[in-house]
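Visitor: Sequence:
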Amino acid sequence: MALYEHVFLARQDLSQAQVDQLAATATEIVEKNEGKVTKTETWGLKNLSYKIDRNRKAHFVMLNIEGPGAVVEELERQTRINEDVIRYMTIRVEEHEEGPSVMMRKNERDAKKRRDREERN
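So the number in this note's numbering is just where the residue sits in the sequence shown, counting from 1, plus 7.
Everything labelled a hint here was simulated from the structure, so no lab data went into it. A portion of the hints provided could be inaccurate.
[Claimed, not checked] In silico SDA-like links for lysine to any residue, alpha-carbon gap of 25 Å or less:
| # | residue 1 | residue 2 |
| --- | --- | --- |
| 1 | K58 | E90 |
| 2 | K53 | K119 |
| 3 | K58 | D27 |
Starting from the given sequences, assemble the full structure and let the hints guide the process.
Guide: Written out as structure tokens, the structure reads:
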């Protein structure tokens with residue numbers, strides 16, 4: 008089985024529940040096509056470097072996928088149709104990262120810096 012990382016950006020005006028539903032829908036698509044989602048991470052609402060379809064921010068979600076190439080084709084086809092997704096990218100990887108991704112570790116590191124700063128004041 009091939010390994011993939013699929014990241015998509017959802018519109019800024021969606022609630023967290025709607026973003027979670029998008030991730031669940033993507034998981035269903037993968038499982039219907041004989042694939043498996045091994046990890047789902049929601050990175051949160053982040054600023055974009057430039058406007059995309061009048062959006063300055065977007066919800067970022069990453070899925071680690073195991074499956075044949077047909078899984079990615081169908082997932083990207085369904086994602087392209089969905090109006091709530093403004094960008095997506097799927098890449099093939101040699102192996103999935105163990106534990107939290109770099110983005111999740113960055114969020115934890117930033118939160119720790121904030122707590123330390125508040126304790127000093």
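Visitor: Give a verdict on every hint.
Guide: Do the hints match the structure? See the list:
1. K58 to E90: holds (16 Å)
2. K53 to K119: holds (18 Å)
3. K58 to D27: holds (23 Å)
The structure shown violates none of the earlier numbered hints.
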